[in-house]
Amino acid sequence: MELHQLRYLVAVADHGSFTAAAEELLVSQSGVSAQVAKLEKELGHRLLDRSGRTVVPTAEGDEILVHARAVARAVQAVRTTADELTGLVRGHVRLGTVIGCTIPGYLRGFADFGSAHPDVSVTVTEDNSDRLIADLERGRLDVAVVAHAEPLPAALGPRTLIREPLAAVVPNRHPWADYDRVPLSELADVTVLSLPEGTGVRAALAETAAAEQVPIVPAVAAHSPSAVLALAELGSGVGLLTASMAAGHPGVVAIPVARSRRTSLSLARRPDPSAAARAMTAALARRLTPAQ
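Going by this note's numbering, the sequence shown opens with residue 262, and the numbers climb by one from there.
Simulated from the structure, these hints should not be mistaken for laboratory data. Keep in mind that this is a model prediction, so the values were computed, not measured. It is possible that some hints are incorrect.
As the list claims (entries may be wrong) - For each label pair, taking beta carbons as the anchor points, the in silico distance ranges come out as:
{"no.": "1", "residue 1": "Leu-495", "residue 2": "Ser-278", "range": "37 to 45 Å"}
{"no.": "2", "residue 1": "Ser-376", "residue 2": "Leu-304", "range": "41 to 49 Å"}
{"no.": "3", "residue 1": "Arg-523", "residue 2": "Arg-399", "range": "22 to 30 Å"}
{"no.": "4", "residue 1": "Glu-411", "residue 2": "Val-475", "range": "17 to 25 Å"}
{"no.": "5", "residue 1": "Ser-382", "residue 2": "Thr-452", "range": "26 to 34 Å"}
{"no.": "6", "residue 1": "Ala-472", "residue 2": "Leu-495", "range": "26 to 34 Å"}
{"no.": "7", "residue 1": "Arg-340", "residue 2": "Arg-434", "range": "57 to 65 Å"}
{"no.": "8", "residue 1": "Glu-285", "residue 2": "Arg-311", "range": "35 to 43 Å"}
{"no.": "9", "residue 1": "Asn-433", "residue 2": "Ser-382", "range": "41 to 49 Å"}
{"no.": "10", "residue 1": "Pro-379", "residue 2": "Ala-449", "range": "36 to 44 Å"}
{"no.": "11", "residue 1": "Arg-307", "residue 2": "Ala-338", "range": "41 to 49 Å"}
{"no.": "12", "residue 1": "Arg-351", "residue 2": "Ala-449", "range": "50 to 58 Å"}
{"no.": "13", "residue 1": "Pro-379", "residue 2": "Glu-263", "range": "30 to 38 Å"}
{"no.": "14", "residue 1": "Ala-377", "residue 2": "Arg-307", "range": "32 to 40 Å"}
All C-beta atoms in this analysis are idealised placements derived from N, C-alpha and C, irrespective of residue type, glycine included.
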């Protein structure tokens, strides 16, 4: 049994695919397949079920994976400690963000890290927050800016940057433009434009709708806040976002939704960060102002 075989097993289990695992590991698909097969032969158990469209762990594989992940974390801890003892920051950082994240602090922190650590490569992934959080917990991402309605696991070391209620976004001349608050019940009778499930906004909407007993199903689930803002300005419906998402968009007004659950934007990192991931987290944290 060798360390790289355990790494390959964990990667395939996480991705559900030998091809995707090979792409992450920067090795050939045949190499990953051969090494996992060799590990299975040595252990005397079939660890992965390859019969379906997605590769999934067998019952025996699930038990072995608990220990394989622990080994991977221990190896990473050894590397991190060695790097920190020598003051060395090297390697690769996988950074994730909510789709369309352009808050100035995030961009400045990213630039600061690149200037301070030119030898560290960085890949950036944009995705819905549910998947970003899951990828942090599984070690597929190192650092991420995520939106959420429920508190994040303490193991992710979350730092809350923004915490605000939902807002109804309408054109400047809309009848609601002068409202101080919009009751959720008002949204039941209009076309609602929002973000997809898996985002902080939709999680806050689901909690608010349940508390108010007012079912709201957006007619449009746009990929990014900018698309919702553009459609709202054109009068295609009422956008449901947050005030910070609408800031700097002069054609619309964002009115808080009454008794809305709050959605948060937070900086988080994987439970066992490398020295490079710690440095990226620190660079972003210095530039991002936490919520009061």
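Each hint tested on the structure:
{"no.": "1", "hint": "Leu-495 x Ser-278: 37 to 45 Å", "verdict": "40 Å, holds"}
{"no.": "2", "hint": "Ser-376 x Leu-304: 41 to 49 Å", "verdict": "46 Å, holds"}
{"no.": "3", "hint": "Arg-523 x Arg-399: 22 to 30 Å", "verdict": "27 Å, holds"}
{"no.": "4", "hint": "Glu-411 x Val-475: 17 to 25 Å", "verdict": "20 Å, holds"}
{"no.": "5", "hint": "Ser-382 x Thr-452: 26 to 34 Å", "verdict": "44 Å, violated"}
{"no.": "6", "hint": "Ala-472 x Leu-495: 26 to 34 Å", "verdict": "31 Å, holds"}
{"no.": "7", "hint": "Arg-340 x Arg-434: 57 to 65 Å", "verdict": "59 Å, holds"}
{"no.": "8", "hint": "Glu-285 x Arg-311: 35 to 43 Å", "verdict": "18 Å, violated"}
{"no.": "9", "hint": "Asn-433 x Ser-382: 41 to 49 Å", "verdict": "45 Å, holds"}
{"no.": "10", "hint": "Pro-379 x Ala-449: 36 to 44 Å", "verdict": "53 Å, violated"}
{"no.": "11", "hint": "Arg-307 x Ala-338: 41 to 49 Å", "verdict": "30 Å, violated"}
{"no.": "12", "hint": "Arg-351 x Ala-449: 50 to 58 Å", "verdict": "54 Å, holds"}
{"no.": "13", "hint": "Pro-379 x Glu-263: 30 to 38 Å", "verdict": "32 Å, holds"}
{"no.": "14", "hint": "Ala-377 x Arg-307: 32 to 40 Å", "verdict": "47 Å, violated"}
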